[in-house]
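Number of protein chains: 2
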Amino acid sequence: MQRRDSLDCFFNPRSIAVVGASPEGSKLSNIILKSLKNAGFSGDIYPINPKYDSIEGLKCHGSLDELEEKVDLALFAMGAPRTVELIKSSVHKLKGVIIISGGFGESGPEGVALEGALRALVNEHPIRIIGPNCLGIYDTASKIDTFFIPAERFTRPARGGLSIISQSGSFALTVMDELASAGIGVSRVVSYGNMVDVSESDCLDYLADDESTSAVAMYIESVSDGKRFVKAAAACSGKKPVIAIKAGRSRVATSAALSHTGAIAGRYELYRAAFRKAGIVEVMGYEDFISGCKVLGLCPPAAGGRVIIITDGGGIGVSIADAAAAGGLDVAPLPAKTAAELKEALPSFCTVGNPLDLTGSATNELYARALEKTLSSGGYDMAIAATLLGPPALTDDLGKTLAGKARPTGKPLIICSPGGEYTKKKNRLFMELGLPVFTSPEGAVRGAKVLARTGKGF
Amino acid sequence: MQRRDSLDCFFNPRSIAVVGASPEGSKLSNIILKSLKNAGFSGDIYPINPKYDSIEGLKCHGSLDELEEKVDLALFAMGAPRTVELIKSSVHKLKGVIIISGGFGESGPEGVALEGALRALVNEHPIRIIGPNCLGIYDTASKIDTFFIPAERFTRPARGGLSIISQSGSFALTVMDELASAGIGVSRVVSYGNMVDVSESDCLDYLADDESTSAVAMYIESVSDGKRFVKAAAACSGKKPVIAIKAGRSRVATSAALSHTGAIAGRYELYRAAFRKAGIVEVMGYEDFISGCKVLGLCPPAAGGRVIIITDGGGIGVSIADAAAAGGLDVAPLPAKTAAELKEALPSFCTVGNPLDLTGSATNELYARALEKTLSSGGYDMAIAATLLGPPALTDDLGKTLAGKARPTGKPLIICSPGGEYTKKKNRLFMELGLPVFTSPEGAVRGAKVLARTGKGF
Chain P
-3 MQRRDSLDCF FNPRSIAVVG ASPEGSKLSN IILKSLKNAG FSGDIYPINP
47 KYDSIEGLKC HGSLDELEEK VDLALFAMGA PRTVELIKSS VHKLKGVIII
97 SGGFGESGPE GVALEGALRA LVNEHPIRII GPNCLGIYDT ASKIDTFFIP
147 AERFTRPARG GLSIISQSGS FALTVMDELA SAGIGVSRVV SYGNMVDVSE
197 SDCLDYLADD ESTSAVAMYI ESVSDGKRFV KAAAACSGKK PVIAIKAGRS
247 RVATSAALSH TGAIAGRYEL YRAAFRKAGI VEVMGYEDFI SGCKVLGLCP
297 PAAGGRVIII TDGGGIGVSI ADAAAAGGLD VAPLPAKTAA ELKEALPSFC
347 TVGNPLDLTG SATNELYARA LEKTLSSGGY DMAIAATLLG PPALTDDLGK
397 TLAGKARPTG KPLIICSPGG EYTKKKNRLF MELGLPVFTS PEGAVRGAKV
447 LARTGKGF
Chain V
-3 MQRRDSLDCF FNPRSIAVVG ASPEGSKLSN IILKSLKNAG FSGDIYPINP
47 KYDSIEGLKC HGSLDELEEK VDLALFAMGA PRTVELIKSS VHKLKGVIII
97 SGGFGESGPE GVALEGALRA LVNEHPIRII GPNCLGIYDT ASKIDTFFIP
147 AERFTRPARG GLSIISQSGS FALTVMDELA SAGIGVSRVV SYGNMVDVSE
197 SDCLDYLADD ESTSAVAMYI ESVSDGKRFV KAAAACSGKK PVIAIKAGRS
247 RVATSAALSH TGAIAGRYEL YRAAFRKAGI VEVMGYEDFI SGCKVLGLCP
297 PAAGGRVIII TDGGGIGVSI ADAAAAGGLD VAPLPAKTAA ELKEALPSFC
347 TVGNPLDLTG SATNELYARA LEKTLSSGGY DMAIAATLLG PPALTDDLGK
397 TLAGKARPTG KPLIICSPGG EYTKKKNRLF MELGLPVFTS PEGAVRGAKV
447 LARTGKGF
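Order-wise, the sequence lines are chains P and V. Numbering (the numbering used here) for the first sequence: -3 to 454. Numbering (the numbering used here) for the second sequence: -3 to 454.
Simulated from the structure, these hints should not be mistaken for laboratory data. The reader is advised that the hints may include incorrect statements.
The list makes no distinction among identical chains, and a pair is therefore deemed to hold if it is satisfied within one copy or across any two copies.
List time: in silico DSBU-like cross-link candidates among lysine-lysine, alpha-carbon distance up to 35 Å [unchecked claim]: (1) 139 / 422; (2) 66 / 235; (3) 339 / 23; (4) 396 / 422; (5) 396 / 30; (6) 422 / 23; (7) 339 / 396; (8) 421 / 30; (9) 47 / 89; (10) 396 / 23; (11) 139 / 421; (12) 421 / 33; (13) 33 / 420; (14) 421 / 396; (15) 235 / 223; (16) 235 / 47; (17) 420 / 236; (18) 55 / 91; (19) 420 / 139; (20) 30 / 420; (21) 30 / 422.
None of these values were measured; they are calculated from a predicted model.
From just these sequences and the hints, can you work out the full model?
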């Protein structure tokens, strides 16, 4: 069996068993069952528990052995020793296994031994394991959701092209929740935890050739096989943008977890070098990561770092220009011909330059003219439109107008719209059109930088 | 008359005239009248317009000359030439004047000449002028609001201790709107525009001895009298924290406005030096500015940069530690005695270190113990509590519990709580308690840095 094909049981299963399923709403296995149902998984779902006839309206089986065929994917969210015991006794019925349960390697010597037993099973039998100590998979392409956080606490993102691979479950969760709130969809999300078998490299192999995935974002604490990682990442980044964050970059951040700080600090340099070699765009923090996810989830990559800034407020335009310059983007002056055209096309109260300030007298039509002339000038790779929503002539159609001018050029358009409640409400209109919205000049610039770097290796 | 006292007409007027007041809802003068009424100004408000008997329920006067006494503060939001004409003809009736109107120095030679006429009036008569081309004053201490943005588009902040001095009206507006949305109050806000008379230094003089102001945040594009600025700023920063942003730091950001870029780039270095000399903490962007406003509006200054990070999610704790280290804060290890006490006081699943990870099994009580022991240890100047709201045992009382432990220590507590809709809703509970809430590790660190720098000159 091809390694990559062996992951189809996770990303394209026909049947899923929830082992130890419970009808009690407070149990993880119950929440997971509900998550699966809510996600709309169209294959068979088998709750497994000898105590019940049915759970959540699904026929319950007494054990995995009662199933007629092998189950493609089995989920475990029970005590660690019992998990290992059950996998061992029913291994011939299993293909893919996700172990949500903690109490393994992270918790002491007994847990380490249990992980050893799992590794032995993977070596001896044709099964694959994600986890333990993870949240598993959230997949809008195959409609799978193994996350045990109830819907009222965590909004699931809609379908999109961005896939996320994360060693930390809580990091993946927080990012997904924030993306959902920003109207950005995802394709496949994998929280892989302790990595007894399936690694970030396995996931990269899969996603590289996955038609549902247009870009990949990774959260990495540690990589076990550096060479394999560089190979898998390079293959993937050759086909689609890949960004990654290495958590624990600073000595202090890692000193809590590991005593030999000197070694760790050195190790980070190795990660940096590996990212560079593999064509991965490294991002340096949570905000960078979220910004990258937002633009990669919505925009075409930029061909370079030349950005035109169009604004209706002088102060905010200057702030974006300052941030862009500090971030290494090119706030290139208007080409002479374009400047001349714009002086014709715009009223005299506008400041024709970069930033291009339409002032508080801005209208949708002026934004449209400014965006069209600059993006089609050949002088810019993308645009940031700062829209303070004070100007009375701006209407709710502004987003539609801007998107209509940007899309035909194939160049990314980023919205920068800081403010309070009124602004937040109006920003939803931009989001509904699939435009990336940032609420600070620095945020917009973080997004622009990721587009420039993934597009051009800059 | 003392220079400082001469600003009482702006910050403590007994009467305010709105010259050219209109009953039409779309006119700036009408919105300003409504703003003043909504703000609850308790002195006399005089709409001035010969065409009407009353506007917005207030008796209307035909001209300033009809008033029996001098008016403390007169507002103008009409055409530039007419504004100058009216001020000239009624100058004996005026003390403070705010000229909202544009069309002055920023718009060409005719406007420059009009500004010259205004300067002559200030030199010859005992009047003071704020503006032109500004939004004027928003003041929760004296209940004045001259901002012409309707209430439904712009949420006014409640009363607080932070005062803001801004050359850019739109910048001030956006910041205030965002602060209001974060539950943070302000004291006095001045948008001073073209500065024909009252300058940032005049405002600093006033705010230095203003009991309603506990901290000052400034947005500066240019300063006309550098020596006076350093003197005024040093006097103010000796009494309360002062932060400032210089807009147009980069060559590109200023090249649009001014052609001699080399001179400008050099000039920024002069601003940096002036800030340093004056004891002003310079912030480098919009996010930095907002973060500084949030913490200065709510927290005591920190005695230094030693920060304890308490979290319920490993990934987010490491991200905060990475950001703090990158920002030059001291993520100091736990003092040995405190570490020993915490190992006693916390369950074994907690990671006792800095970051201190309470894990997904965190409870309010565990947060309370961790915060109390670390802040009282003598090892830390402030705390960042990262609260991912997934852990089922955390209740809505978490904020109250945390604030109750932090307040007696006199040390700042910053909340870091990233996520989506559920998190945003729960974050309001922290805000209502007067805790500064940031939705990213980097945001929390920006806030912590401003507290450390304003407290210790770090």
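Results for each hint:
1. 139 / 422: Both ways: residue 139 and residue 422 sit 31 Å apart in one copy and 29 Å across, limit 35 Å.
2. 66 / 235: within (34 Å within a copy, 74 Å between copies)
3. 339 / 23: between (66 Å within a copy, 29 Å between copies)
4. 396 / 422: both (13 Å within a copy, 33 Å between copies)
5. 396 / 30: between (37 Å within a copy, 33 Å between copies)
6. 422 / 23: between (39 Å within a copy, 23 Å between copies)
7. 339 / 396: within (24 Å within a copy, 57 Å between copies)
8. 421 / 30: both (31 Å within a copy, 23 Å between copies)
9. 47 / 89: within (20 Å within a copy, 90 Å between copies)
10. 396 / 23: between (45 Å within a copy, 28 Å between copies)
11. 139 / 421: both (30 Å within a copy, 28 Å between copies)
12. 421 / 33: Classified as both; 31 Å inside a copy, 26 Å across copies.
13. 33 / 420: Both. Shortest intra-copy (32 Å) and inter-copy (26 Å) distances satisfy the 35 Å Cα cut-off.
14. 421 / 396: Both, since 16 Å and 29 Å are each at most 35 Å.
15. 235 / 223: within (19 Å within a copy, 58 Å between copies)
16. 235 / 47: neither (49 Å within a copy, 71 Å between copies)
17. 420 / 236: This pair counts as both: shortest intra-copy Cα distance 32 Å, inter-copy 33 Å.
18. 55 / 91: Result: close within a single copy only, 21 Å intra versus 83 Å inter.
19. 420 / 139: Close inside one copy (30 Å) and across copies (27 Å); limit 35 Å.
20. 30 / 420: This pair counts as both: shortest intra-copy Cα distance 32 Å, inter-copy 24 Å.
21. 30 / 422: Classified as both; 33 Å inside a copy, 24 Å across copies.
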